[in-house]
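S.K.: Each chain is listed here by its residues.
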Amino acid sequence: MLIIDKYAYTNKLADSNPFNKFIIVVISLGITTIINNIYINLMIFAFMIFLTTIAAGIPFDKYIKILSIPMSFLIISIITILISISKTDIFLWEINVFDYFVGITRVSVDESILLLTRVLASITSTFFLGLTTPLNNLIRVFKRLHLPNSIIELIVLIYRFIFIFLGEARDIYLTQEMKFGYTDFKNSLKSTALLVRSLFLKILLDYKDMVIVLECKLYDGEFRIGD
Amino acid sequence: MIKVESLEFKYEDGTIALKNINIDLDKGRVVGVIGANGSGKSTLFLNILAILKPSKGVIKYNGEPIKYDKKSLREYRKEVTMVFQDPDKQLFYSKVYDDMAFVLRNLHFSEEEIEKRIHVILEKVKATDLEQKPTHFLSYGQKKRISIGGALIMDSKVLLLDEPTSGLDPKMSKEVKHIIKELSYEKKLVVSSHDMDFIYECCDYIYVISNGRVLGEGKPEEVFLKANILKEAGLDKPWLVKIHENLKLPLYRNEEDLLKIRY
Ligand SMILES: Nc1ncnc2c1ncn2[C@@H]1O[C@H](COP(=O)(O)OP(=O)(O)OP(=O)(O)O)[C@@H](O)[C@H]1O
Ligand SMILES: [Mg+2]
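Sequences listed follow chains A and B, in order. If you count the first sequence from 1, position 211 lands on 211 in the working numbering, and the numbers rise without skipping. Throughout, the working numbering is defined as the position within the second sequence, counted from one, plus 1000.
Some clues are possibly wrong.
Stated by the list, open to error - Ranges of calculated distance between the beta carbons of each label pair, as one might list FRET restraints: (1) A:Thr126 - B:Tyr1140: 40 to 48 Å; (2) B:Tyr1140 - A:Asn149: 27 to 35 Å; (3) B:Lys1070 - A:Arg170: 33 to 41 Å.
Said to hold, decoys possible - Straight-line Cα separation of at most 30 Å, DSS-like style, residue types lysine-lysine; simulated pairs: (4) B:Lys1053 - B:Lys1019; (5) B:Lys1078 - A:Lys208; (6) A:Lys202 - B:Lys1133; (7) A:Lys208 - B:Lys1067; (8) B:Lys1133 - A:Lys65; (9) A:Lys208 - A:Lys190; (10) B:Lys1157 - A:Lys208.
Honestly, the hints are just simulated from the structure, not real lab data. Predicted, not measured: the structure shown is a model, and the values here were computed from it. For glycine and all other residues, C-beta sits at the position ideal for the given N, C-alpha and C.
Could you build all of it, start to finish, from the sequences and the hints given here?
M.R.: Written as structure tokens, this is what we have:
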């Protein structure tokens, strides 16, 4: 069970109109990309946190935990943008390495802050949509936007397979662990290889079963959601 | 209704899973198919559903051999459908409501009609409280109930149930028994199981399968008294038959009859 999915179904806004949520998110994404204003970005950031944690009722500590995954990437990228190297001293703060300066400049600080706030606003916006909207409602939005059926079909199937995949992987891993498959390094390598192999085979079998079920349910190539 | 005539089925790897099977589903309202693990029950069901195509022999529906082109299959599967052994594989959508609606939407039912039907069916399988739940939150027994509901909703004429009670606790088993009893007034049911007590109480005609062959057939009170057939098939007797033979009690068809008379 994916925690993101759990909240998507159980939060207080799960049944609210997905189109409204989608439009709010698109507008805020538009604003952060077009208008280069730190304060507006921060306002969107705060607003989205408010919507996700207070309006939708997703526990704050869990929310921070989920956010921390993209955040770690964000921080690493910001650091690389922040630091620049030059022969002349144009820095606010720098260290000397032979005849080069390594440090941060006024421009890089401004740029980084703008980028940071923009990314924060965008991430919290998309997370708001993802965390508060069940997949079925999202598909309703995609249908309204006239996304091609084959893309919607892909989304539904990929989503379904994420669960099959995680479930199978967990079962195999637990069995292996119970049989002392991960006690030392050599052992672990072997077990991991075996896990990947059996996972692959199982998924193929699951796929076959799924096709049978779809046939029994008279699937004709289009996932209908009903509006 | 459905007749299986000298059917043989061979898997791609050469396993002959079914040999010379003759089955007539008109012989009972609830037909039981019993056999040990690997005897070929699921393979037989998939053949009857026309998912697998027999290597030899025919399956007739209303006197006509099944046709295997796309259009005829679609028509056929409106009339004949199945509840699979593993409910996880049968549930497709993430919300109970949408999962049940799936087949109806494929048949272009109106949303009002769909809603009406779903409510009736959920009532029938005692799962009204699950309507808005995501399917991956459900317990095994709840999933089983929803997958039965998902098959019922089509209103088919024939329903195959592969191991409807496996993995269920006694209370859930009893409920499934009850559901089957009610359904038997509306449509033809075919049930496979290795739960002999369940089969004995639910079915009115039984086929015993072993190693892909039909070993014996008949009414439950007859079949379960034939010790040699059950032994060869690797099956046990229902407890009601055991107490009949060992305690010299009359042969009761179900627990309630026994209790009514004894106390
Ligand atoms: N895809 C397959 N390829 C090859 N052989 C198969 C395949 N599926 C099943 N078999 C074989 O066919 C035989 C019948 O299997 P089947 O699944 O029909 O048994 P079953 O009676 O349903 O058993 P269970 O009670 O365990 O569900 C078994 O010997 C099995 O190994
Ligand atoms: Mg089986």
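S.K.: All hints, please: hold or fail.
M.R.: A quick look at each hint next to the structure:
1. A:Thr126 - B:Tyr1140: 40 to 48 Å: violated (34 Å)
2. B:Tyr1140 - A:Asn149: 27 to 35 Å: holds (33 Å)
3. B:Lys1070 - A:Arg170: 33 to 41 Å: holds (38 Å)
4. B:Lys1053 - B:Lys1019: holds (14 Å)
5. B:Lys1078 - A:Lys208: holds (21 Å)
6. A:Lys202 - B:Lys1133: Answer holds: Lys202 (chain A) to Lys1133 (chain B) is near 27 Å, not above 30 Å.
7. A:Lys208 - B:Lys1067: The hint holds at about 22 Å.
8. B:Lys1133 - A:Lys65: Answer holds: Lys1133 (chain B) to Lys65 (chain A) is near 25 Å, not above 30 Å.
9. A:Lys208 - A:Lys190: Given pair Lys208 (chain A), Lys190 (chain A) holds - Cα atoms ~28 Å apart, limit 30 Å.
10. B:Lys1157 - A:Lys208: holds (26 Å)
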